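Chemist: We have chain A; now place chains B and C with the ligands onto it with these hints.
The residues making up each chain are set out below.
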Amino acid sequence: MRRKIRILMAKPGLDGHDRGVKYISRALRDAGYEVIYTGIRQSPEAIAHAAIQEDVDFVGLSLLSGAHNELFPEIVRLIRKYGGESIIVFAGGIIPEKDIPFLKEHGVEAIFTPGASFKEVADFIEQNKRRLSH
Amino acid sequence: MKRLTEKILSGDVRAIARAISWIENDYAQKEQLIDDLYPHCGNAVVWGLTGPPGSGKSTLLNLLIARERMKGKRVAVIAIDPSSPFSGGAILGDRLRMQKHSTDSGVFIRSMASRGHLGGVAGATADAIKVLDAAGFDLIIIETIGVGQTEIEVVEMTDVVLLLLVPGLGDEIQALKAGIMEIGDIFIINKSDKDEAMKTKAEVEYVLSLNDNPRKDRPNPIFMTSAVLNLGIDELSTGIDLYIEELRVNGLIEDKRRKRIAREIRLMITAKIRREVEKQLGLNERIDSWVDQVYRRKRRPYAMINELSDTFFKKNRT
Amino acid sequence: MLNRMEKIKKKKEAWETTTLKKVLERFPERKKRFVTGSWLDVDRLYTPVPQSEEEFIEKIGFPGEYPYTRGVQPTMYRGRLWTMRQYAGFGTAEESNTRYKYLLSQGQTGLSVAFDLPTQIGYDSDDPHSLGEVGKVGVAIDSLKDMEILFDGIPLDKVSTSMTINAPAAVLLAFYIVVAEKQGIPAGQLRGTIQNDILKEYIARGTYIFPPKPSIRLITDIFEYCAQHVPQWNTISISGYHIREAGSTAVQEIAFTLADGVEYVHAALQAGLDVDQFAGRLSFFFNAHNDLFEEIAKFRAARRIWAKLMKDRFGAKDERSRMLRFHTQTGGSTLTAQQPDNNIVRVTIQTLAAVLGGTQSLHTNSRDEALGLPTEEAVRIALRTQQIVAHESGVTNTVDPLAGSYFMESLTDRIEQEVWQYLDRIEQLGGMVNAIEKGYVQKEIQNAAYQYQREVEEGTRIVVGVNQYTLEDEKPDKILRVSPGLREIQIEKLRALRRMRQASRVKRALQKLEQAAHNRNENLMPYILDAARVYATLGEISNVLRHVFGEYQESIVL
Ligand SMILES: Nc1nc2c(ncn2[C@@H]2O[C@H](COP(=O)(O)OP(=O)(O)O)[C@@H](O)[C@H]2O)c(=O)[nH]1
Ligand SMILES: [Mg+2]
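Residue numbers (our numbering), protein chains in the order written: chain A, 120 to 253; chain B, 115 to 432; chain C, 2 to 559.
No lab work stands behind these hints: they were computed from the structure.
Keep in mind that this is a model prediction, so the values were computed, not measured.
Errors might be hidden in some of the hints.
[Stated by the list, open to error] As a list, the in silico DSS-like pairs of lysine-lysine whose alpha-carbon atoms are at most 27 Å apart:
| hint | chain 1 | residue 1 | chain 2 | residue 2 |
| --- | --- | --- | --- | --- |
| 1 | A | K200 | B | K116 |
| 2 | B | K214 | C | K214 |
| 3 | A | K123 | B | K121 |
| 4 | B | K187 | A | K200 |
| 5 | A | K238 | C | K444 |
| 6 | C | K214 | B | K315 |
| 7 | B | K313 | C | K439 |
| 8 | A | K223 | C | K476 |
| 9 | A | K123 | B | K393 |
| 10 | A | K217 | C | K476 |
| 11 | C | K439 | B | K315 |
| 12 | A | K123 | B | K386 |
| 13 | B | K313 | C | K214 |
[Stated by the list, open to error] To list a few chain B residues with every Cβ distance to chain C over 10 Å, as calculated:
| hint | residue |
| --- | --- |
| 14 | T119 |
| 15 | D140 |
| 16 | L322 |
| 17 | R362 |
| 18 | N364 |
| 19 | I379 |
| 20 | I387 |
| 21 | E399 |
| 22 | I401 |
| 23 | D402 |
| 24 | E421 |
Where a beta carbon is used, it is the ideal one built from N, C-alpha and C, also for glycine.
Isolated chain A, as found in the complex (with noise of 0.2 Å):
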């Protein structure tokens, strides 16, 4: 059996634009991954322990409010603290050019803005699955 790549897609923050996430699920199915999808407004204390109890590989986050920069380091600092040292963290939205640096610090390890397509996305992945622990 050929090991199965597993992503979590999460929307954390209020906003409710689901479009792109669903988008991005739905293209990653079909390119043969297991998707796990959790819906709208998860909590970053949510979001990582889904991670681990999932044992997923990345976690894919999308979230078009700005709320960014609170949020997506403190969704890796706890999927971290769970555990979860190899999980592959990514991002999507409406993210400013100036916030990616920081981002990136806080082990966002890539980040789509908008326009970005899911051949990316799927280069991504297909690149930094060879690092996956097991």
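Modeler: Relative to chain A, chains B and C with the ligands alone:
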């Protein structure tokens, strides 16, 4: 390995989750792991929750988890959704409805795709149950959709099967009669807030009363719930406890578990041997050429198959 | 007539076999199939279709008269231009107040308040759910106190105010009414709109709190209360905007919005209201995208369908009850983060669509909206775009200028037809609430969104600056940033509020509200107003209702 075993026994979430991944990915190490954990199994009660897609299984489960937590039980859930037959990928959405329990350390939720692997998802479920049992969960609930043979195999790995039905199934009830009605222990008519709920209940009662129902000797409890209005949940929760208590008293639970083990052994051993056979024969690599030969009538099917199986047996005789 | 049609038909056939054929042989067309932005087929050429005088009057008719295809007023923009209304609000009430005064000084004629997400979901700024969100997409309003600051120095009898608020609309409306009271203005003189459209929150926008039943009760309570006490207030703005933003087609936008409307009318009738008592205060809110003709046809079809629904299905007698009046916002999802200046052009096309479609008010998006909150300069250009169309383009000089265009009328008919099909289907599913609970509506939208995105990624749909005509090195745009310390400021204000108000009165008001909420026959507005007056917070009021009504859980559809 030893460390992983210890961690699981101490209830470490990360370790439990990792072990289930090993099982899902069918890693060779999983066998040793399960055997190491096995002496610690046997304490958990296992429910199977099944019913047509959209009947409200996950929504109801969300409420049942809360009830069981109030009773002080530690609860684990495995929610199975189908993999896409085209891409092999899956979108697992059951968790969404139970996500409010995500941060409760007494609850563990795991989504599983049915995938297509040998031994089936049933085998993986059986092993995952052992991991969760050894990790000290009091109650393990398996949610699966009630269609297809593999799905039925999955719920047969449990102590009690809760079968969810909803109003407006219409002719489907007839179809159910033939199939999944037989696996249900406890029947739940969910969406009792809908108009036709009472009618559905009557239909279910009727089907259960038919003479050809092989389970006619043991009455099946029927409950009405509305998972969106939070109605009938306490009655259901108590009803399940009573049912299980009864099984225990009658010794039926032991029966069931023995049967489950029998099924498991059958399943595992045939899966294992089948895999070995396929490997030795090089089935996957050679199948196309066999097809070609049979298709073009170069060879006759039985002659070819017997020749192949004879070589296989000869080789393995010594 | 028939003779004439026959002649035209013959002539067309001749044209096809001679003139056209020759050209096609040498220069094939760019594509096999031409479609609108929402995949409706478009023919090469449109020619007159047989139509009797009766049919003309029935389908196209005259502005200000049933079925209102040509517009809801007889003189349209010759009489009065549309209301230019820029949606704005961010940070604290003080900051937003300054922006409103600026916009009013720039010639804007109505206010449109954007609230932050915690406010929209009924959480106070100090609620754990609010982390990171306070003041981000709009202004943070925790209590009457913030509302007093928000409208400080703005006479509420002189402006019309539109508030984008849904689940807790009753609470924000109550705050507004009390602010007016304090300014000495009676509720009867207040003009404005609350969005108050919960169904599209379940479908597309996500800022719901309660399940459908109690949510709809709150809505009908508002209808009833306003009919008596705030008669000039538009009590709901039934919104297709967000449905379109979620990726729907133009047809779906209209179909699902009108289906929502039907559901609200049903609910109000069931609550014992008379149709002509509230229907005239229903208003709509649509999106304007880039496919100019499709969008114009969409607006015209929407008016015609609504008029028919209200007349035939609900027996509305009052002309106002049959008129579909609407606000438009240009399409946020059409804006690109790449080469943001291009967005000014997109917004111009969309503005034309809205105006040629006969909108009553318009918000034009700012060029930098795909990047973050708009800067003041970008907001000004957006407003200027409207002003240029209004005063320089000449499109306002006559009513419904595109009527009678063979293409326009054919497209209007086609959209109408497809919308009716959806309306029938939804009826079969047992109405909009059921269709939403089943996930039917969400699924239809998602499929359209998925197809659209695929086309963009495959390059079969060109988006300038994104998948063609791209630039290698784009320099980042200036953007506006909300100060991160905002939550602390709001929390401090809340603390001060809780010290200064009379706790026992708050408690009593909330208890009364809770009792009333349990009793379906009570109108909740007076209780919410009482709680507002004693400075109960938005979160406190919402929590009382959460406790009684429960919370909605999204039904996942993927
Ligand atoms: N009216 C009604 N709807 C329900 C009830 N239980 C679940 N639902 C809805 O049915 C849909 C499917 O529920 P879900 O739990 O995902 O079903 P599953 O596929 O069986 O797990 C959701 O939209 C639920 O909100 C109920 O008791 N009454
Ligand atoms: Mg489910």
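Chemist: Now, for every hint given, state plainly whether the structure supports it.
Modeler: The hints, checked one at a time:
{"no.": "1", "hint": "A:K200 / B:K116", "verdict": "holds (23 Å)"}
{"no.": "2", "hint": "B:K214 / C:K214", "verdict": "holds (23 Å)"}
{"no.": "3", "hint": "A:K123 / B:K121", "verdict": "holds (24 Å)"}
{"no.": "4", "hint": "B:K187 / A:K200", "verdict": "holds (26 Å)"}
{"no.": "5", "hint": "A:K238 / C:K444", "verdict": "holds (23 Å)"}
{"no.": "6", "hint": "C:K214 / B:K315", "verdict": "holds (25 Å)"}
{"no.": "7", "hint": "B:K313 / C:K439", "verdict": "holds (21 Å)"}
{"no.": "8", "hint": "A:K223 / C:K476", "verdict": "holds (20 Å)"}
{"no.": "9", "hint": "A:K123 / B:K393", "verdict": "holds (21 Å)"}
{"no.": "10", "hint": "A:K217 / C:K476", "verdict": "holds (11 Å)"}
{"no.": "11", "hint": "C:K439 / B:K315", "verdict": "holds (22 Å)"}
{"no.": "12", "hint": "A:K123 / B:K386", "verdict": "holds (21 Å)"}
{"no.": "13", "hint": "B:K313 / C:K214", "verdict": "holds (24 Å)"}
{"no.": "14", "hint": "T119", "verdict": "holds (36 Å)"}
{"no.": "15", "hint": "D140", "verdict": "holds (27 Å)"}
{"no.": "16", "hint": "L322", "verdict": "holds (28 Å)"}
{"no.": "17", "hint": "R362", "verdict": "holds (35 Å)"}
{"no.": "18", "hint": "N364", "verdict": "holds (39 Å)"}
{"no.": "19", "hint": "I379", "verdict": "holds (37 Å)"}
{"no.": "20", "hint": "I387", "verdict": "holds (38 Å)"}
{"no.": "21", "hint": "E399", "verdict": "holds (35 Å)"}
{"no.": "22", "hint": "I401", "verdict": "holds (34 Å)"}
{"no.": "23", "hint": "D402", "verdict": "holds (32 Å)"}
{"no.": "24", "hint": "E421", "verdict": "holds (49 Å)"}
Violated hints are absent here; each numbered hint is respected by the structure.
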